[in-house]
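S.K.: Residue strings, one per chain:
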Amino acid sequence: MTSQPEQGGGQAESLTRLTEQLSRLPGIGPRSAQRLAYHVIRAPKEETRELAEALLGVIETVRFCSICQNVTQTDPCPRCALPVEDQSIICVVEEPLDVVAIERSGAFKGRYHVLHGLLSPMDGVTPENLRIRELIERLRDDTVKEVIIATNPSMEGEVTAMYVQGLIAPLGVRVTRLARGLPSGSDLEFADAVTVARALEGRQEF
Amino acid sequence: MTSGRPPSTLAQSTLYRADAIVLRHRDLGEADRVLTLFTAEHGKLRVSVRGARRPKSRLGGHLEPLTRASVQIARGRTLDVVTQAQAVEVFHTARANFLTLLHGLHMAELVDRFTQEQEPQEELFSLLLEALRRLDGGHRADSLARAFEIQVLSWAGFQPVLDRCASCDADVNGSRGQQAFSAQLGGLLCSSCASRQPGWTRQIPRGTVRDLQALQREGLDGAASLSMNEDSLAELEALLRWYLRYILEVPLDTAAILDRVRAASS
Numbered sequence: 010m011t012s013q014p015e016q017g018g019g020q021a022e023s024l025t026r027l028t029e030q031l032s033r034l035p036g037i038g039p040r041s042a043q044r045l046a047y048h049v050i051r052a053p054k055e056e057t058r059e060l061a062e063a064l065l066g067v068i069e070t071v072r073f074c075s076i077c078q079n080v081t082q083t084d085p086c087p088r089c090a091l092p093v094e095d096q097s098i099i100c101v102v103e104e105p106l107d108v109v110a111i112e113r114s115g116a117f118k119g120r121y122h123v124l125h126g127l128l129s130p131m132d133g134v135t136p137e138n139l140r141i142r143e144l145i146e147r148l149r150d151d152t153v154k155e156v157i158i159a160t161n162p163s164m165e166g167e168v169t170a171m172y173v174q175g176l177i178a179p180l181g182v183r184v185t186r187l188a189r190g191l192p193s194g195s196d197l198e199f200a201d202a203v204t205v206a207r208a209l210e211g212r213q214e215f
Numbered sequence: 028m029t030s031g032r033p034p035s036t037l038a039q040s041t042l043y044r045a046d047a048i049v050l051r052h053r054d055l056g057e058a059d060r061v062l063t064l065f066t067a068e069h070g071k072l073r074v075s076v077r078g079a080r081r082p083k084s085r086l087g088g089h090l091e092p093l094t095r096a097s098v099q100i101a102r103g104r105t106l107d108v109v110t111q112a113q114a115v116e117v118f119h120t121a122r123a124n125f126l127t128l129l130h131g132l133h134m135a136e137l138v139d140r141f142t143q144e145q146e147p148q149e150e151l152f153s154l155l156l157e158a159l160r161r162l163d164g165g166h167r168a169d170s171l172a173r174a175f176e177i178q179v180l181s182w183a184g185f186q187p188v189l190d191r192c193a194s195c196d197a198d199v200n201g202s203r204g205q206q207a208f209s210a211q212l213g214g215l216l217c218s219s220c221a222s223r224q225p226g227w228t229r230q231i232p233r234g235t236v237r238d239l240q241a242l243q244r245e246g247l248d249g250a251a252s253l254s255m256n257e258d259s260l261a262e263l264e265a266l267l268r269w270y271l272r273y274i275l276e277v278p279l280d281t282a283a284i285l286d287r288v289r290a291a292s293s
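Just so you know, the sequences run in chain order A and B.
Just so you know, we're using our numbering here: the first sequence kicks off at 10 and counts up by one.
Just so you know, we're using our numbering here: the second sequence kicks off at 28 and counts up by one.
These aren't lab readings, by the way, just hints derived from the structure by calculation.
It is possible that some hints are incorrect.
Said to hold, decoys possible - Below, a list of computed lysine to aspartate or glutamate pairs in the EDC-like style, where the Cα atoms sit at most 16 Å apart:
1. Lys83/B - Asp59/B
2. Lys118/A - Asp95/A
3. Lys118/A - Glu155/A
4. Lys83/B - Glu198/A
5. Lys83/B - Glu57/B
6. Lys83/B - Asp196/A
Throw the hints in and build the complete structure from the sequences for me.
M.R.: Written as structure tokens, this is what we have:
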């Protein structure tokens with residue numbers, strides 16, 4: 010950042026610091042960071058204070074649920090603390106936002122487990138970097154009968170699913186994978202071969 | 028399009044096509060991806076695919092790692108952008124098995140590590156394609172990976188010297204039992220040279236030397252004709268991994284995960 014001339018020329022040090030911090034955020038380049046920083050200066054002081062407090066509030070109160078590893082303010086999280094409709098089923102997802110996506114469907118009544126990442130063979134992400142051990146621990150008692158692996162239908166998602174499946178299968182728990190097929194409202198013509206093949210494999214009685 | 032140039036001129040000057048194998052991908056922004064493609068025409072390319080992670084993306088599904096696809100690319104300011112893609116070979120069988128898939132990714136990583144962007148390498152492209160086809164056709168994944176490693180080493184100019192001492196050209200065939208292999212000199216050492224070579228030298232069994240010779244002689248076919256037991260395969264893998272580590276100066280990422288998976292399943 011300091012190499013950029015517009016950052017140096019007499020700009021207040023605190024402003025430079027804010028710009029640098031903002032540019033660390035995903036999707037925020039140096040230009041956007043600078044624009045945001047100047048917006049903060051112009052915005053009402055109260056508004057900015059609220060933003061700062063919200064940021065502090067997040068790091069002070071949000072933690073990981075010791076059971077499902079999702080982000081939460083209370084441990085265990087509300088979902089793990091209260092009885093759910095179906096205790097016997099755990100849905101394994103990559104990240105907290107995937108829980109939100111599945112909840113939005115309203116079609117799942119069990120519990121979740123968040124891995125916080127996917128195995129990525131070419132980036133050196135190994136099982137120790139994920140919350141896989143915690144998942145296996147949850148399967149030790151006999152309440153869980155099925156684990157749904159809901160990782161992305163990408164190479165990393167598949168690799169993770171295969172790895173987790175290999176660990177769970179010996180425990181005698183049923184392992185299922187989300188169906189892969191055609192997205193609703195899409196055009197068959199543009200579907201790739203793997204998707205079409207999977208859609209055919211997973212066809213159902215009409 | 029804001030430049031005011033007629034669309035036809037724009038299209039002619041900025042679009043190109045390629046026969047590509049997707050080596051790896053990385054997420055970019057909200058729903059985009061950056062791909063590393065290995066193409067027959069232009070060598071290795073880094074390109075972006077807009078919206079590749081959205082469920083209704085017309086491109087994403089055609090461009091998963093280890094897919095061979097026909098792509099149309101538009102020149103962009105920083106990265107070129109894929110505008111059309113059609114998967115040609117998806118290697119469905121290779122992908123369906125965990126270890127096979129990992130070995131396929133291992134081959135892709137090797138190609139990625141040994142190549143520079145925008146240097147056409149048709150020979151290596153054909154080699155990778157053939158290896159993926161064999162992997163998909165049910166060839167034993169680990170011995171195929173070893174054969175591929177030897178071929179890539181030879182292609183890159185690091186073919187191990189196995190018929191004489193890599194240091195003094197003396198005959199090494201007479202010696203029995205273990206034999207010294209130097210990563211630094213890229214081959215076997217006679218006993219007197221071995222005693223003078225301190226770093227990056229290891230002892231390998233004669234059987235491993237024979238396996239290496241067979242793989243060098245027969246190319247990818249060597250993988251199928253070798254009757255290797257688990258111990259000698261492990262020995263060969265360890266040697267090649269160590270040699271590659273010396274040449275590349277970094278360990279291979281795919282090797283780390285292969286080890287974990289094997290440890291978990293044993």
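S.K.: Decide, hint by hint, whether the structure agrees.
M.R.: Results for each hint:
A hinted pair counts as satisfied when its Cα atoms are at most 16 Å apart, and Lys83/B with Asp59/B qualifies at roughly 13 Å. Proposed proximity of Lys118/A and Asp95/A is supported: the alpha carbons are some 6 Å apart, at most 16 Å. At most 16 Å may separate the alpha-carbon atoms for a hinted pair to count; Lys118/A and Glu155/A meet this at roughly 13 Å. A C-alpha spacing of about 12 Å is found between Lys83/B and Glu198/A, which places the hinted pair at or below 16 Å, so the restraint holds.
The hinted pair formed by Lys83/B and Glu57/B meets the criterion: a straight-line CA distance of about 15 Å does not exceed 16 Å. With a CA separation close to 9 Å, the supplied pair Lys83/B and Asp196/A stays within the 16 Å bound.
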